[in-house]
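Asks: Sequence:
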Amino acid sequence: MCIYKGTTFGSGVELRFYNYGIYNLHKQFNNHLIVNNQHYDNHFHESADAYLCTGYNGTKQFWGWVPEGGYQVENLTPIYSVSVKAGPYPLNVPDCSG
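Going letter by letter, the sequence shown gives residues 1 to 98 in my numbering.
The set of hints was computed from the structure by calculation and includes no laboratory data. Just so it is clear, the structure is predicted and the values come from calculations on it, not from any experiment. Be careful, since some hints might not be right.
As the list claims (entries may be wrong) - Below 27 Å or equal to it, Euclidean Cα-Cα: the simulated DSSO-like pairs (lysine-lysine) are:
hint : residue 1 : residue 2
1    : LYS85     : LYS5
2    : LYS85     : LYS60
3    : LYS27     : LYS5
4    : LYS60     : LYS27
What the hints assert, rightly or not - Label-pair restraints from in silico Cβ distances:
hint : residue 1 : residue 2 : range
5    : GLY69     : LYS27     : 24 to 30 Å
6    : ALA86     : GLY6      : 27 to 33 Å
7    : THR8      : THR77     : 15 to 21 Å
8    : PHE9      : LYS60     : 26 to 32 Å
9    : ASN24     : GLN72     : 17 to 23 Å
10   : GLY10     : ASN57     : 30 to 36 Å
11   : ALA86     : LYS27     : 27 to 33 Å
12   : TYR56     : GLU14     : 28 to 34 Å
13   : GLY10     : LYS60     : 28 to 34 Å
14   : THR54     : GLY10     : 26 to 32 Å
15   : ARG16     : TYR56     : 17 to 23 Å
We put the beta carbon where it would ideally sit given N, CA and C, even for glycine.
Required output: the full structure, derived from the provided sequences and hints.
Replies: Okay, structure coming up:
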């Protein structure tokens, strides 16, 4: 999964996450392009979905979801962590606890 410096692919990648896990964000403000470039793995029968959370360590309010192979622009000002987990998960089931 990648977070770009701005809202377009041409703005360049600022952060990369290669594995499942929870990643705390620091000093990320305003709109950024978020790309989930994970694809379905036929061997393990899973994909990776990214969840945006308003607290550190994957806690607090569920803010948004970037599905496998998807991309979107999000305001990262209220986002303090990203949780990358095996999917798929439905949109109506928040991943963030608390």
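Asks: Which numbered conditions among the earlier hints are violated in the structure presented, ordered from lowest to highest?
Replies: 12
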